[in-house]
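K.L.:
Each chain is listed here by its residues.
Number of protein chains: 2
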Amino acid sequence: MGVVIPLDKGRNQAASLAPLMALVADDMDGVNELIMQRVVSNVELIPELARHLIDSGGKRIRPMLTIAAAQMCGYEGKHHIKLASSVEFMHTATLLHDDVVDESDMRRGNKTARILWGNEASVLVGDFLLGQAFKMMVETGSLDCLAVLSDAAAVIAEGEVMQLAAAQHITTTEDAYLAVIKAKTAALFAAAAHVGGIISDQSSEKRSALDSYGRNLGLVFQLIDDALDYSGDADAMGKSVGDDFREGKITLPVVLTYRRGNDDERKFWKRALEDGDQRDGDLEHAISLMKQHNALEDTISRAHHYGAIACDALEIFPACPQKTALMEVVRFCVSRSF
Amino acid sequence: MGVVIPLDKGRNQAASLAPLMALVADDMDGVNELIMQRVVSNVELIPELARHLIDSGGKRIRPMLTIAAAQMCGYEGKHHIKLASSVEFMHTATLLHDDVVDESDMRRGNKTARILWGNEASVLVGDFLLGQAFKMMVETGSLDCLAVLSDAAAVIAEGEVMQLAAAQHITTTEDAYLAVIKAKTAALFAAAAHVGGIISDQSSEKRSALDSYGRNLGLVFQLIDDALDYSGDADAMGKSVGDDFREGKITLPVVLTYRRGNDDERKFWKRALEDGDQRDGDLEHAISLMKQHNALEDTISRAHHYGAIACDALEIFPACPQKTALMEVVRFCVSRSF
Chain A
12 MGVVIPLDKG
22 RNQAASLAPL
32 MALVADDMDG
42 VNELIMQRVV
52 SNVELIPELA
62 RHLIDSGGKR
72 IRPMLTIAAA
82 QMCGYEGKHH
92 IKLASSVEFM
102 HTATLLHDDV
112 VDESDMRRGN
122 KTARILWGNE
132 ASVLVGDFLL
142 GQAFKMMVET
152 GSLDCLAVLS
162 DAAAVIAEGE
172 VMQLAAAQHI
182 TTTEDAYLAV
192 IKAKTAALFA
202 AAAHVGGIIS
212 DQSSEKRSAL
222 DSYGRNLGLV
232 FQLIDDALDY
242 SGDADAMGKS
252 VGDDFREGKI
262 TLPVVLTYRR
272 GNDDERKFWK
282 RALEDGDQRD
292 GDLEHAISLM
302 KQHNALEDTI
312 SRAHHYGAIA
322 CDALEIFPAC
332 PQKTALMEVV
342 RFCVSRSF
Chain B
12 MGVVIPLDKG
22 RNQAASLAPL
32 MALVADDMDG
42 VNELIMQRVV
52 SNVELIPELA
62 RHLIDSGGKR
72 IRPMLTIAAA
82 QMCGYEGKHH
92 IKLASSVEFM
102 HTATLLHDDV
112 VDESDMRRGN
122 KTARILWGNE
132 ASVLVGDFLL
142 GQAFKMMVET
152 GSLDCLAVLS
162 DAAAVIAEGE
172 VMQLAAAQHI
182 TTTEDAYLAV
192 IKAKTAALFA
202 AAAHVGGIIS
212 DQSSEKRSAL
222 DSYGRNLGLV
232 FQLIDDALDY
242 SGDADAMGKS
252 VGDDFREGKI
262 TLPVVLTYRR
272 GNDDERKFWK
282 RALEDGDQRD
292 GDLEHAISLM
302 KQHNALEDTI
312 SRAHHYGAIA
322 CDALEIFPAC
332 PQKTALMEVV
342 RFCVSRSF
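In order, the protein sequence lines correspond to chains A and B.
For any residue, its number in our numbering is found by taking its place in the first sequence, counting from 1, and adding 11.
For any residue, its number in our numbering is found by taking its place in the second sequence, counting from 1, and adding 11.
Watch out, some of these pointers could steer you wrong.
Heads up, the list lumps identical chains together, so a pair's fine if it works in one copy or across two of them.
Within a straight-line C-alpha distance of at most 30 Å, the following computed DSS-like cross-link-like pairs (lysine-lysine) qualify [said to hold, decoys possible]:
id, residue 1, residue 2
1, K334, K70
2, K281, K193
3, K217, K260
4, K146, K281
5, K89, K260
6, K89, K122
7, K302, K193
8, K146, K278
9, K217, K278
10, K70, K89
11, K217, K122
12, K278, K70
13, K278, K193
14, K334, K217
15, K122, K260
16, K334, K260
17, K334, K278
18, K281, K302
19, K89, K278
20, K302, K278
21, K334, K122
22, K89, K281
23, K281, K70
24, K334, K281
25, K302, K146
26, K302, K334
27, K281, K217
Simulated from the structure, these hints should not be mistaken for lab results.
The model shown is predicted, which means the values in this text are computed figures rather than measured ones.
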């Protein structure tokens with residue numbers, strides 16, 4: 012029960028995104044405006060489809076990281092707006108392609124673009140947004156930012172293929188799973204924060220600190236997402252409990268429960284997730300096994316660990332409202348689990 | 012029969028890719044080596060799938076344009092190798108995504124990657140290659156090249172969506188069709204030649220000339236491809252006659268034949284391509300209508316027009332073996348139709 016203390020700590024301080032959102036509000040207006048400008052195309056389907064996704068209630072946490080990092084570093088130019096918009100476009104492109112790959116029907120409580128406009132359009136509009144993202148990066152004139160973001164683009168895709176190819180086995184280790192989410196989720200969080208430091212011309216020490224903050228926050232974000240899928244409130248999440256289970260995704264709660272289980276339990280996991288043979292009551296049984304083996308608490312406990320690393324990474328920056336807010340984001344992400 | 016003269020002219024000189032290939036051979040060895048280095052990944056599926064496509068016998072005409080353009084401009088560095096490899100990766104990524112969008116089973120006489128490894132892997136490995144392409148561009152340090160190639164990436168995707176959304180109507184005009192192929196095919200040819208001039212630090216006049224050469228060559232290439240699909244030799248093409256027809260693609264031979272036909276003929280085209288209701292003998296009927304209305308000859312005639320523009324664009328460059336070879340590429344592309 013070593014997780015009780017950090018959980019309570021998170022709860023006591025009632026962490027929220029509000030302080031961050033207040034600090035970045037003006038700049039995020041610029042980001043939202045730029046995003047709307049850059050989805051314009053003579054081909055009507057493009058803005059229509061892109062806006063569906065862009066308007067559908069994401070928190071835009073990634074571009075906020077870029078903005079807050081640049082502010083914390085005292086940046087006074089305008090390029091952080093373009094970088095933040097690029098990051099959001101990269102994220103949106105990934106979502107479009109992910110939904111095709113996962114054959115998902117719903118995202119954040121709405122039908123996915125592939126259901127509304129087809130897989131073809133989702134693939135191609137994703138490609139378009141990626142192209143637009145790179146155009147905006149180029150406009151900043153920062154080759155260092157381009158290097159970080161193009162590397163992230165390749166790593167994200169690599170992570171997705173990794174998940175496709177290897178990580179669908181129920182015997183996946185925690186380390187192998189971590190490698191997947193480091194690539195597919197944490198790499199973009201890392202790049203988002205990192206480029207805020209690059210564009211502000213920070214020392215390599217501070218750039219690395221921002222990269223590390225973002226990367227570990229990304230891990231927190233993904234792990235909590237994994238736990239919520241078996242325990243969350245459907246309305247608050249905009250997705251239903253059990254989506255990952257139904258799609259046969261091997262996430263950390265599953266990895267832990269499988270390893271801690273007996274032979275019968277392992278057979279169950281193999282049948283339901285690896286063989287895809289799911290029956291009535293399987294989800295409930297899965298959740299009860301997770302409870303029995305403390306898998307959700309321990310997934311959250313792992314998230315706390317990465318959250319602590321994220322906060323320590325930021326410590327070298329002088330105190331300022333942005334630093335405080337960025338630290339609170341970590342606590343907010345962990346506290347999403349309640 | 013106004014096309015007889017240019018066709019014969021093409022034939023007399025027995026145009027081939029050989030002079031170009033000889034000039035760029037050493038540099039293309041570098042390109043091929045770099046390509047193999049950059050598909051390496053810890054995720055085995057990535058090099059496996061990418062190599063399938065890379066090895067499957069494409070002529071690599073796009074990277075050769077970059078190399079030849081740089082050579083013609085007297086470039087002495089090594090960055091043209093990276094740019095040429097980026098162009099080929101962008102092209103490969105597009106093919107992977109195209110096959111998913113078109114649900115194609117065969118490409119160049121081989122099973123498509125999506126048939127061998129699934130749509131999911133094709134989408135994701137395409138994304139990976141695009142990320143690797145941008146990483147290589149960044150390594151050249153040329154923001155101008157990055158601007159041209161990222162713009163091309165967005166325009167290509169836009170062209171594909173355009174084709175998906177609007178151009179599937181049998182009533183499409185020649186102009187609308189031209190807009191599609193300008194975007195989806197010619198933009199990358201233009202960028203491939205253009206960046207050869209940028210990296211060689213040429214005047215904007217010469218850069219524009221290379222862009223224009225590539226763009227018009229791209230149109231030639233696509234139009235001849237369209238004609239070959241109804242008249243070509245399956246072995247030489249690596250695809251079967253009638254693929255476009257079976258996939259319901261509205262290409263220029265169809266646009267011309269439809270417009271020149273009577274009401275009954277138009278009903279046939281609408282049924283077979285727009286409604287997708289294809290019956291035995293339809294392909295043969297389509298080809299006989301095309302012959303009757305001279306649609307294939309006139310498609311080739313249009314290609315000659317763009318080919319002439321491509322060659323005139325190059326005229327401002329001083330005489331050199333690369334200039335001669337690049338002009339011969341145009342005649343080679345036109346003469347593919349025999």
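K.L.:
Against each hint, give a clear statement of whether it holds in the structure.
P.N.:
Status of each hint after checking the structure:
For the identical chains of this complex, K334 and K70 are intra-copy neighbours only, at 19 Å inside a copy versus 54 Å across copies, given an alpha-carbon limit of 30 Å. Proximity of K281 and K193 under a CA criterion of 30 Å is satisfied intra-copy only: 25 Å inside one chain copy versus 50 Å between copies. Within a single copy, K217 and K260 get their C-alpha atoms no closer than 36 Å, and across copies no closer than 53 Å, so neither meets the 30 Å cut-off. Taking the shortest Cα distances, K146 and K281 never come within 30 Å of each other, neither inside one copy (45 Å) nor across copies (39 Å).
In this homomeric assembly, K89 and K260 never come within 30 Å of each other (Cα to Cα): the closest approach is 40 Å inside a single copy and 45 Å across copies. Taking the shortest alpha-carbon separations for K89 and K122, neither the intra-copy value of 35 Å nor the inter-copy value of 48 Å comes in at or below 30 Å. Taking the closest pair of Cα atoms, K302 and K193 come within 30 Å of each other only inside a single copy of the chain (26 Å); across copies the shortest separation is 58 Å, beyond that limit. Taking identical chains as interchangeable, the C-alpha atoms of K146 and K278 are never at most 30 Å apart, the minima being 50 Å within one chain and 44 Å between chains.
Taking the shortest alpha-carbon separations for K217 and K278, neither the intra-copy value of 48 Å nor the inter-copy value of 68 Å comes in at or below 30 Å. Taking the shortest alpha-carbon separations for K70 and K89, only the intra-copy value of 22 Å comes in at or below 30 Å, while the best inter-copy value is 44 Å. For a Cα distance limit of 30 Å, the shortest separation of K217 from K122 qualifies neither inside one copy, at 41 Å, nor across copies, at 49 Å. Taking the shortest alpha-carbon separations for K278 and K70, neither the intra-copy value of 39 Å nor the inter-copy value of 51 Å comes in at or below 30 Å.
In this homomeric assembly, K278 and K193 come within 30 Å of each other (Cα to Cα) only inside a single copy, at 28 Å, whereas the closest approach across copies is 55 Å. Within a single copy, K334 and K217 get their C-alpha atoms as close as 13 Å, which meets the 30 Å cut-off; across copies the closest is 50 Å, which misses it. Taking the closest pair of Cα atoms, K122 and K260 come within 30 Å of each other both inside a single copy (20 Å) and across two copies (29 Å). Taking the shortest Cα distances, K334 and K260 never come within 30 Å of each other, neither inside one copy (35 Å) nor across copies (55 Å).
Proximity of K334 to K278 under the C-alpha cut-off of 30 Å is found in neither arrangement, the shortest distances being 47 Å within a copy and 68 Å between copies. For a Cα distance limit of 30 Å, the shortest separation of K281 from K302 inside one copy, 18 Å, qualifies, whereas the shortest one across copies, 60 Å, does not. For the identical chains of this complex, K89 and K278 are neighbours neither inside a copy (56 Å) nor across copies (56 Å), given an alpha-carbon limit of 30 Å. When the C-alpha separation of K302 and K278 is checked against a cutoff of 30 Å, the pair qualifies only within one copy, where the shortest distance is 18 Å, while the shortest distance between copies is 64 Å.
Proximity of K334 to K122 under the C-alpha cut-off of 30 Å is found in neither arrangement, the shortest distances being 37 Å within a copy and 53 Å between copies. Taking CA atoms no more than 30 Å apart as the test, K89 paired with K281 passes in neither setting, with 52 Å inside one copy and 52 Å between copies. For the identical chains of this complex, K281 and K70 are neighbours neither inside a copy (35 Å) nor across copies (46 Å), given an alpha-carbon limit of 30 Å. Within a single copy, K334 and K281 get their C-alpha atoms no closer than 44 Å, and across copies no closer than 63 Å, so neither meets the 30 Å cut-off.
In this homomeric assembly, K302 and K146 never come within 30 Å of each other (Cα to Cα): the closest approach is 48 Å inside a single copy and 45 Å across copies. Proximity of K302 to K334 under the C-alpha cut-off of 30 Å is found in neither arrangement, the shortest distances being 36 Å within a copy and 72 Å between copies. For the homomeric pair K281 and K217, neither the shortest alpha-carbon distance inside one copy (45 Å) nor that between copies (63 Å) is at most 30 Å.
Checked against the numbered hints given earlier, this structure breaks hints 3, 4, 5, 6, 8, 9, 11, 12, 16, 17, 19, 21, 22, 23, 24, 25, 26, 27; the rest are met.
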